[in-house]
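Chemist: In case you want the letters, here they are:
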Amino acid sequence: MRYLPHTEIERADMLARIGVDHVDELFADVPGHLLLKEPLDLPRRKSEQNVARALAKMAARNVPAGSVPFFVGAGAYKHHVPATVDHLVQRSEFLTSYTPYQPEISQGTLHYLFEFQTQVALLTGMDVANASMYDGSTGTAEAVLMAHRITKRRKAVLSGGLHPHYASVVRTQSELASDDVVTLSPDVEAREDLLAAIDGDTSCVVVQTPDVFGNLRDLTAVAEKCHAHGALLIAVFTEAVSLGLVKSPGAMGADIVVGEGQSIGNALNFGGPYVGLFATRQKYVRQMPGRLCGQTSDAEGRRGFVLTLSTREQHIRRDKATSNICTNSGLCALAFTIHMSLLGEAGLKRLARINHANAVKLADMLKSVKGVELLNGTFFNEFTLRLSGNAHEIVEKLAAQNILAGVPASRLLPGKGLDDLLIVANSEVNSDEDRAAFIAALKEVL
Amino acid sequence: MLNRQGRPTEAGDASLSWHDTFTGNRGLQLEEALIFETGRIDVTGVDLDEPEAFAPRLGALMREEEIGLPGLSEPEAMRHYVRLSQKNYAIDSGLYPLGSCTMKHNPRLNEAMARLPGFADIHPLQPPSTVQGALALIEELSGWLMALTNMDAVAMSPKAGAHGEYCGMAAIKAAIAAKGEAATRRFVLVPESAHGTNPATAAAIGFEVKSVPAGADGKVHPDAVRALMGPDVAAIMLTNPNTCGLFETEIVEIAQILHEGGGYFYCDGANFNAIVGKVRPGDLGIDAMHINLHKTFSTPHGGGGPGSGPVVLSSRLSPFAPVPFVRRNGETLQMVEDAAGTQALGRLTAFHGQMGMFVRALSYILSHGGDGLKQASEDAVLNANYVRACLADLMSLPFGNRPCMHEVLFDDTWLKDTGITTLDFAKAMIDEGYHPMTMYFPLVVHGAMLIEPTESESRASLDLFIMTLRDLAFSALRGEKERFSGAPYLAPRRRLDETKAARSPVLRWTPLQPVAE
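Each protein sequence line maps, in turn, to chains U and S.
Numbered per our numbering, the first sequence spans residues 1 to 446.
Numbered per our numbering, the second sequence spans residues 1 to 517.
Wrong hints could be hidden among the right ones.
What the hints assert, rightly or not - Calculated lysine-lysine pairs in the DSBU-like style (CA-CA distance at most 30 Å, straight line):
(1) U:K320 x S:K210
(2) S:K179 x U:K320
(3) S:K374 x U:K57
(4) U:K37 x S:K374
(5) S:K500 x U:K320
(6) S:K210 x U:K152
(7) S:K500 x U:K283
(8) S:K374 x U:K46
Unchecked claim - Which chain U residues face chain S? A few, computed with CB under 7 Å, are given here:
(9) G66
(10) T99
(11) G108
(12) Q401
Claimed, not checked - Chain U regions said to be covered by chain S (calculated; three or more residues, Cβ under 8 Å):
(13) 113 to 124
(14) 162 to 170
What the hints contain is simulated information worked out from the structure, not anything from laboratory work.
Note that the Cβ used here is the ideal one computed from N, Cα and C, for glycine as well.
Please put together the full structure from these sequences, using the hints given.
Modeler: Next comes the structure, spelled out in structure tokens:
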């Protein structure tokens, strides 16, 4: 077996040094009847070439985003990632290191985490950010718990524009912890009255912008009402590129900002691994979940970085910890921070403008299609269409023509009477040809 | 000697000593600034064409303010991150004996497979008809995990080990609620030696934790469990093999006690890598166990994630598995995404879990096959015992010199009276070119040093590691304190001031403010 260095002679020598005759003597603590006598009936080892062949065969049965006109978003976005990013992420010293518990020999990881935290804080308009969460959805659930700790209240209000899967994650968690959740009805056109839902029991209000239907939301009034009632505003985003062009949640008064960072530096990966971004105000830092990297100095007075404020964490506080989280999403955070460093402010803003311009172009083209109505007053690179037919069926028909048209709202919100709605994303990867193909195919099936 | 151009070719005078350098660099150990000190907000390393003029649809929400994000050209970025990488220890560069963390070789075939566009470039909300291969991969990996554990079902979506614990304990809570016992079964039993995630998870789900004392032999005993068991107990969370590196011999009886009392058995599967192909957790009476794909099945740790923590479930818990999951319908694979109308405990993450990790884990599993996986477990156990046998005369074993599983636990009794702590010893290992072992964990042992060499180490590598530890141990016993108390001397940084970092946290870069006149 190519990954196992020992020869049979070496194994025998080592067993002799240990003082046993057979390796099973080392399993002596296992009750005899439980130790498997016969090998399990499973396929035998395979060569590298044969594994590659087997997996390539599976991969070939999928339709990659890059191979077709592609307009699927709703929480994960296809963007071009510079080749440098993946090269650097695969550096042995990043890829095959552990959590930086020994800071003297982990300065590489800690240094980029410090930069990552700073970038996320700047991008969200907040004071501080942590070293990342699993993804945007789990980060949102953690933000709700954090708000409960701060306000000592147990009721979260979820906007009807919050990604339904994020709302489900929050509801699952809240049900388990016996916390209250009020979920507003699906709010396709950003018309809900969030202010009316806030009262003296409210711990936090969770609002997404751009929301799952693509609408941009001004959070200022919600923030004001939240603060007047001692509640916190949690702002969520799933498309980090939007922050290059849209007012930051921090500038609109958010207390905690959570987002999915996948769209910068990371591939679609069929849903994971992704990277949750998590930022807040300085005064709440000790209530934050997750890993934090901080600056300090070493015995010679040189600048260095360490994991810090670990007294919040499970390995110290056990059942009193702020969260059970043990890891962050280190390598995905690295991909994010490298891509962001390459873009810089100038590149990020231009990338965001291109995304928006492409979406505007598509929206304008759709005006000519009979049976299509654009529902958004505002949007960034994604919007919702009302179609004159069943969106799920139309997506399937277009998929059969190798066009991935978007996400039927009914897939995210089944049984809510939203069968005619289609959520369509359009980033810098979509060309004029892609848009033309989409429009032509849509005209045919409607 | 001089060559014809007058260039000296001899080695030079070794008696001369070096001095502080102008740059702060020490040869190949290079100092590196923050991007906020070197980057510029008008520089970008990505060429993009400005779009043609268009009418924005942002309403009044255009970002007007400067963000302050520095940019780097591509060569600057390349150098920055390559230099940073060189400040990290890694499995690829050396033995990484972190007990309980399983730092084994990360095959590059797995990386290549995960990057196939058919896996990396597919969207979680594409029509299922366009991702049949991805669903087939999840189904195949699930099949392997169920076969290796002899369990009924597996929930694939948990994002990491701790998230898997959360999933398993949530399933237990759902099962208890389904029996109408949610109000009464409030307690979860957790041994003192458990990972901190266990009590944190139980608390997050609304349980209260009762601590189970370990026996003098480092194991949990049925009597200790029996004494705590009652109609108010929901479950036990037990790690097996446990964090002392020992197989819980009485595990079957412990499971029976829980089951007879109406409770459930959660097993922390962090150490499953010791017993793959040797023992099946399902045969032990376990109801739920998470499997850290990043430990047992070699997906890279990546400097702290991403992990992946699928949870295998017994038939008593499988109806409560969270959405989404894959279901076969003849030739077609479907994705069940809506919990309505099922007993599913809900949803734990936006999408289907860590697909990128699933590909790597399956690549690892197919490479090994059933026979290779068993051999890997045996070699992991062999290597840990070899380290034990070769150090037992110098370092103290809290539970006696007896076989361990995949990791060997020493305590600091042998350092008594030397004035050298476990931390000092660990830091001195850094100067010798090794990553330290896990220290001060598990908490049940004073000054714990938990060594897990993994199956990836050759005998020669182990021998040098053992000789190094023996040399350090002799040095400690001789009272050569300086080698330890100031260590590390030769790493990119000396010991860092963690107290200062926590007292006045600096968690981000801020521009220097001009000094007031």
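Chemist: Taking the hints in turn, state whether each one holds.
Modeler: Structure-based check of all given hints:
Between K320 of chain U and K210 of chain S the CA atoms are separated by roughly 13 Å; this keeps the pair inside 30 Å, and the hint holds. For a cut-off of 30 Å, the pair hint linking K179 of chain S to K320 of chain U stands: about 28 Å separates their Cα positions. For the proposed pair K374 of chain S and K57 of chain U, the alpha carbon gap of about 27 Å is at most 30 Å, so the pair holds. Taking the CA atoms of K37 of chain U and K374 of chain S, the gap is about 12 Å. The hint holds against a cut of 30 Å.
Taking the CA atoms of K500 of chain S and K320 of chain U, the gap is about 24 Å. The hint holds against a cut of 30 Å. Between K210 of chain S and K152 of chain U the alpha-carbon distance is near 25 Å, which keeps this suggested pair within the 30 Å criterion. Proposed proximity of K500 of chain S and K283 of chain U is supported: the alpha carbons are some 18 Å apart, at most 30 Å. For the proposed pair K374 of chain S and K46 of chain U, the alpha carbon gap of about 14 Å is at most 30 Å, so the pair holds.
Annotation: G66 of chain U was flagged as interfacial toward chain S, and the flag holds, the nearest CB pair being 5 Å apart, inside 7 Å. With a cut of 7 Å, the hint placing T99 of chain U at the interface with chain S holds, because the nearest CB-to-CB distance is about 4 Å. At about 4 Å, the closest approach between the beta carbon of G108 of chain U and any beta carbon in chain S falls short of 7 Å, and the interface hint on this residue holds. Because the closest C-beta pair between Q401 of chain U and chain S is about 12 Å apart, greater than 7 Å, the hint is violated.
Three residues within the 8 Å Cβ limit are the bar, and the region 113 to 124 of chain U against chain S gives 8, so the coverage statement holds. Requiring three or more residues with a Cβ within less than 8 Å of a Cβ of chain S, the coverage given for the region 162 to 170 of chain U holds, as 5 such residues are present.
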